[in-house]
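Construct all of the structure, not just a fragment, from the sequences and the given hints.
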Amino acid sequence: MKTSADGAALDGAPAVGVIGGGAFGRGLALAARRNSHRVRLYSRHPDGQALSPLTAPPAKRERATSKANEDPRATRRRPAGPPIEITSELGAVAEASLLFVAVPSRYFPDLARALEPYLDGRHLIVHVSRGLVGPELLTLTDVLREHTAARRLGALAGPLSATALAQGRPGGGVIGTLFPGVAAAVREALAGPSMRIYETDDLVGVQISSALVGVMTVVSAMLRERGLGPTAVALFCSRALAETTRITESRGGRAETTTGLAGAGDLFSAIGGDGRPEIALGEALGRGAPVDEAAAAAGAHVEGLELATLAAEYAASKGLSTPVATAIADMLAERTTLDETLTRLMAYPVGTE
Amino acid sequence: MLRALSERPLHLPRLRPYVPRPSDPAIFWFNAERDDILRTVVQRVLEGATTGSARMELALNDAAFHEVRRLEAQRDEESRTQLGYYRGLLRRIGRMSDSEKRATLEELITRFAHDVAGNFDPRVYALARRGVPKVITSVMDPSRLATDLLSADAPAIHDLLAVQGDVARLRALEPRGTLIYVPTHSSNLDSIVLAHALDRSDLAPVVYGAGKNLFTNPIISFFMHNLGAYRVDRRVRVGLYKAVLKAYSSVLIERGYHSLFFPGGTRSRSGLIERHLKLGLAGTGVSAFARNKRGRIARDVWFVPTTINYSLVLEAETLMEDWLSEEGRARYIIEDDEFSRIDRWVAFFRKLVGLHHACVIRFGDPVDPFGNPVDAEGRSASPAGRTIDPSSYLLDQGEIVLDEARDAAYTRELADVLVERYERETVIMTTQLVAHVLFRHLTDVTAGLDLFARLRYRGEIAMPREELEAKLGEARDALTDLEQAGAVHTSEPLRTLAPATLIARAIEVWNGYHSTRVASDRGDEVLIDDPKLLLYYQNRLVPYAERIAGRRDRRAAREIAQMVSTR
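In order, the protein sequences belong to chains Y and B. Per our numbering, residue 1 is the first one in the first sequence, and the count goes up by one each step. Per our numbering, residue 1001 is the first one in the second sequence, and the count goes up by one each step.
Source of the hints: derived by calculation from the structure; they are not laboratory data. Here a beta-carbon is modelled for each residue, glycine too, at the ideal position from N, C-alpha and C. Please note that the accuracy of each hint is not assured.
[Said to hold, decoys possible] Mimicking DSS-like on lysine-lysine, the simulated pairs with C-alpha atoms at most 30 Å apart in a straight line are:
| id | chain 1 | residue 1 | chain 2 | residue 2 |
| --- | --- | --- | --- | --- |
| 1 | B | K1242 | B | K1212 |
| 2 | Y | K318 | B | K1532 |
| 3 | B | K1278 | Y | K318 |
| 4 | B | K1278 | B | K1242 |
| 5 | B | K1242 | B | K1101 |
[As the list claims (entries may be wrong)] One side only, chain B facing chain Y, incomplete, derived with CB under 7 Å:
| id | residue |
| --- | --- |
| 6 | F1370 |
| 7 | P1373 |
| 8 | A1405 |
[Said to hold, decoys possible] Derived, one-sided and incomplete: chain Y residues facing chain B with beta-carbon distance under 10 Å:
| id | residue |
| --- | --- |
| 9 | E116 |
| 10 | R122 |
| 11 | E146 |
| 12 | A149 |
| 13 | S317 |
Laid out in structure tokens, this is it:
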């Protein structure tokens, strides 16, 4: 008999599996439980303190949350449901047909290989990670496809924050998938009066936009920390989005995805200050901290700063014009300083938009 | 006379029916099953179209509207006989009761189904097995066609065509399920050479949805009509017609008829390996698999990615013209190309005779409908080599369900797998590599120019012979390394002959067939006469260009890759 970390029985397949015990994984698990699903969560550290609230019965836990930052509409929906089951076995979480993956992208290839023995055609796998892999800018669903037998894949992106998911505050996102069945399953698991999930078949576009917004968030925080005003930040973000569109189209995605929830929508949320770790990282970098130190200070795995470099190299190989990405890549590699970067970008010939 | 031949199905008289043996492939039963197949098709399409009055009316309007529009524009024999019917229908629809609508739909669907359905005559098959090589070679001298067909000595097609790949595995899979061959498409000769390759490899004949334009060549038309080909008229835009085509091909696959589809939809205009596949009818393989699984019929479906590689492409000039012209992109059917001109066939085959391995067909390893590799027992494997059950892809809450949207998504995924396989299974031919090295040189010395400006350099740029030989040798070695790594294949002459011989052969093959000189040997240099045709042949190399370029050629190689990928 399989048992959970605290020894409780794990019999029968749960409806939803979540891989990753970080803030996002916990948020997804809570959101699914709010929709009355039986949820099993995989974590490499099943005894971690952050997970303990998940295993408590829902009513008790939610009473304990502060009223101040909770949406009243969400509070009214008090779903009953079993506590979230925590496991440290991938096989146990893969008993669910719908799996959410919320692990940092750098662990993705290893995770995919480790999951392989437990996956077949029945699985629906949706990830929420930001990241692209290698010089060809492979998406994380490409990685899953390469290493596992699962085909019904999706990427959930957009202005979704871990806190909003966990607390049921209004928010929304977009699920990129070729399979309408995957989108329907994600909606059933997460959507509700305070959570809108849009759908697109531009799986590539969603993942590229989402990954590059991660980089833009860091850089915009850096610029603000350096005392640059909203106009400079807006200039940077708009031009960087335009470059994202070029890269997206070159990889077979669509331009409108970049301007939708996964790109612009997500960026608005980040600039608006939704408290994501990339902001802290950018601020530390803006204060002049070395990259390693800044990442440590941000206190989270911030994915893909090296992505700026990958994107710039990819663009060069395809003959795309991406001056912002190239300048950022040089700065992150500490070939140029922030001030030099700014001067260089401002001196770049102005063209038509 | 030829016209009449090509428009009407020509059948042999029914003297003595052929009685199939149990060991014969499914297609030998086709004529016995034909009526049943048509009934199933009509019933299936009718079920989909008659779910409510509004839907029926929409289907009828769609059919009448599109057919009237097509026939009015077409102004031929077909218009004269059919136009009246559809105009009348268009007027009547508004007054029809539901039962009349249903009856009219059934009539239309039956019409379409009969127009599509093929025929299989084992006698023609036997004739084709013995005769096709001769037909092909005797086209060189049409006056000798009759005597050649009857004579016993087969011309040297055997040497002309090479077959590669794990044929034994395909033979093992044949009785266990339906094989769907999905080759690259460069020429209208493809279906013929593939049929011949199957026969030579002791693989069962296939059914094939042939474009109606293929039937313009009377010889081909005769064989198409009698070897199980069904007719696909791309000009017909009617929704019901498309539904009939899909249902027809799905029913054939479900019943175990090995099939052939060109997933690129049309011949590669540019000579590039297809990268955007629509799959079209090949996609019905996925839903046919689902239907069999749901009906507990133990017949799997497997796809065989295949590449057809030519030293010389019959229609190269027309295809390239079409690719380069703006309007060309909208043109789907070319009726006046080299394929329908006997004199071009003559020139083409004359050129190829005696050329060792002028065409290489390579069967890639089969995959299941979800892109997983399949072994000789028909077991699907996961990336780590575990056996997995392909029916798990059809599960929804533990039940096998039919779901068109899901299968369409699987089909798109499969297209990606095929694109990747094509690249790995492509066999690079001598002409292609020689063209590439020459074109790369042109690109290098005209740095900064765009494609069209480059193509205007006719007969102006030459490459020193010594440099050409050295770079050809380098490129060949790099390709061989890629081949070792499983990324591509090379033809036997390309692998074995000296660079000087390769250059001489390429020039010899091109000049004399193509209406313009492609390149000419001027002793200590080779002159680039027609950059356009060079581009066509070198386009096969685009995916590997950067990987086979020496350090000094990398910039030109990258430029080639970018120039072509942005078009």
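Outcome of the hint check:
1. K1242/B x K1212/B: Holds: K1242/B and K1212/B sit about 14 Å apart, inside 30 Å.
2. K318/Y x K1532/B: 23 Å, holds
3. K1278/B x K318/Y: 24 Å, holds
4. K1278/B x K1242/B: 15 Å, holds
5. K1242/B x K1101/B: 19 Å, holds
6. F1370: This hint holds: F1370/B lies near chain Y, its Cβ roughly 5 Å from the closest one there, short of 7 Å.
7. P1373: 11 Å, violated
8. A1405: This interface hint holds because 5 Å falls under the 7 Å limit.
9. E116: 5 Å, holds
10. R122: Hint holds; R122/Y Cβ to chain B Cβ min 4 Å, cut 10 Å.
11. E146: Holds: closest Cβ of chain B sits about 7 Å from E146/Y, inside 10 Å.
12. A149: 4 Å, holds
13. S317: 7 Å, holds
Going down the numbered hints, you'll see the structure goes against just number 7.
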